[in-house]
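Student: Here the protein sequences line up with chains A and B, keeping their order.
First residue of the first sequence: 1, per the working numbering; consecutive thereafter.
First residue of the second sequence: 1, per the working numbering; consecutive thereafter.
Among these hints, one or two may not hold up.
What the hints assert, rightly or not - If you anchor each label on the Cβ, the simulated ranges turn out as follows: (1) 117(A) x 120(B): 55 to 61 Å; (2) 224(A) x 99(B): 42 to 48 Å; (3) 161(B) x 136(A): 44 to 50 Å; (4) 246(A) x 187(B): 38 to 44 Å.
As the list claims (entries may be wrong) - Computed from the model, here is a short list of chain A residues facing chain B with C-beta under 10 Å: (5) 21; (6) 25; (7) 29; (8) 171; (9) 172; (10) 174; (11) 179.
In case anyone wonders, no lab produced these hints; they're calculated from the structure.
Where is the CB? At the ideal position from N, CA and C, for every residue including glycine.
Number of protein chains: 2
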Amino acid sequence: MQDKTDTYSFTVDPFDTDCNNRLSWHVLGTRILSAATHHARRRGFDQFEKDHIPYLWVLSRMVVEIDHWPCVHESYSLSTWIRNYYRYFTDRYFLLLDDRGVPIGRILTIWAMINSQTRMPAELNSIFGNSFDQYIHLDDTVDIRRSRIRVNTPMIQTERSTFYSDLDTNGHVNSIRYIEYVLDSLPSQLTMSHPAKRIEMEYCAESYVGNLLNISIEEASPLLYHAEITKPADGKATTVCRSAVTF
Amino acid sequence: MQDKTDTYSFTVDPFDTDCNNRLSWHVLGTRILSAATHHARRRGFDQFEKDHIPYLWVLSRMVVEIDHWPCVHESYSLSTWIRNYYRYFTDRYFLLLDDRGVPIGRILTIWAMINSQTRMPAELNSIFGNSFDQYIHLDDTVDIRRSRIRVNTPMIQTERSTFYSDLDTNGHVNSIRYIEYVLDSLPSQLTMSHPAKRIEMEYCAESYVGNLLNISIEEASPLLYHAEITKPADGKATTVCRSAVTF
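Could you put the whole structure together from the sequences, leaning on the hints where they help?
Tutor: The structure is reproduced here in structure tokens:
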């Protein structure tokens, strides 16, 4: 167990919060991605290179459920482990813990490893063989369901350009940035007074600097919004990601 | 000296970098603001309240000069102290240090304290009396010049909307976000290949969610850009901030 799960501790710094004085989605999301990288790095599978071509871990799905948001100067931690791996994907779970170690949130992430040149996913078994097996933590206590996200009749349609400051080390728009694009497209009266308590992300394609993204949002049920972000590619709209946000 | 200067240590996390794998302006800027708050908080002058009205520290000027950017997994630290205070403003300096403690950057910040309701600056002496005196560190080794920033004939004019995710705990667009607005308005071929080595910011007015900012940029000399960000107010353009960026 101690070789399978790592825990990273943080404090909410004065500028880690949103305008509601709660830990921001930006900072929480970045901590989740970094914790995944640190956990993988300590076990030697954070990166891989074949024929001088680096392979990159990219996020395919993410579900974040928060019961209680840490506020400024409060401590919190993230525990993470690998729950499973498949042909192309691996499931990584997280628990968000408050300063007493009590769970206040659950996170499911699903990752693929892509060839940095072709951007195509690689078979995990052909890269890592059985070396993952010793790190699989068959924990069933964290139960996170994925849903089907579809936007049929959007109530909001807006555009958003992508810029240099939206990019991360992989040269594409950072996965967490799409969460902000979706929240920013909702009425600010809502986001500035209610913290989102659940966000589900389906990442479908990368976007790059200078893309003009189209964001469509539909109210699937009261306080549940489905969003789809597309980019123009080859004369048609390609889905970049889908999102479901519950307030 | 030990009561005057505090030092905060960090490591460049995998998602703290920009697309060039160097510490991002966003993270460095946030660390600077947080270090200022922590330093003030430990000495009891991070906040003030009078007649049940909170007063807030706001950034008036910032000059950041970076000789060498920390890269992913590298350690760095920020030392900060107060250099002086005037009727309405206080000068706070920082040194950016690499993992061996060698200075790799210098930062000057100038702060005012505003009434959170009227948004008008308060006389520092009337709030803090002489209690600042013991913390003034008369260090002359850090020499940072301010310049005169004017945009007369812009070569770039662009607009940018402000959103929920751009706000900080003060309910206004975060000071560091304007640095990103300016960098994002420059050609991405430049920002994606050259790190800015000096950025100067003059903050003139606040902006809020839903503002449509106008960004004008002029090449003042080769690799030096002057920028002005305005917002519409009372039928005319009000300057929100000015910036000078050197590559």
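Student: Look at each hint and say if it fits the structure.
Tutor: Verification of the supplied hints:
Range check, residue 117(A) to residue 120(B): Cβ separation about 57 Å, and the 55 to 61 Å hint holds. Checked against the hint of 42 to 48 Å, the pair residue 224(A) and residue 99(B) passes, with Cβ atoms roughly 47 Å apart. For the pair residue 161(B) and residue 136(A), the beta carbons lie near 45 Å from each other, so the given range of 44 to 50 Å is met. A hinted range of 38 to 44 Å for the beta carbons of residue 246(A) and residue 187(B) is consistent with their spacing of about 40 Å.
At its closest, the beta carbon of residue 21(A) sits 6 Å from a beta carbon of chain B; the interface hint therefore holds under the 10 Å criterion. The beta carbon of residue 25(A) is positioned within 10 Å of a beta carbon in chain B (closest approach about 7 Å), and the interface hint is therefore held. With its C-beta approaching chain B no nearer than about 9 Å, residue 29(A) sits inside the 10 Å limit, and its interface hint holds. Interface restraint check: residue 171(A) against chain B, minimum CB-CB distance 5 Å, threshold 10 Å, status holds.
Given the 10 Å rule on beta carbons, the hint for residue 172(A) holds: about 9 Å separates it from the nearest Cβ of chain B. Restraint check, residue 174(A) versus chain B: the minimum CB separation of about 7 Å is within 10 Å; hint holds. Restraint check, residue 179(A) versus chain B: the minimum CB separation of about 9 Å is within 10 Å; hint holds.
Checked against the numbered hints above, the structure violates none of them.
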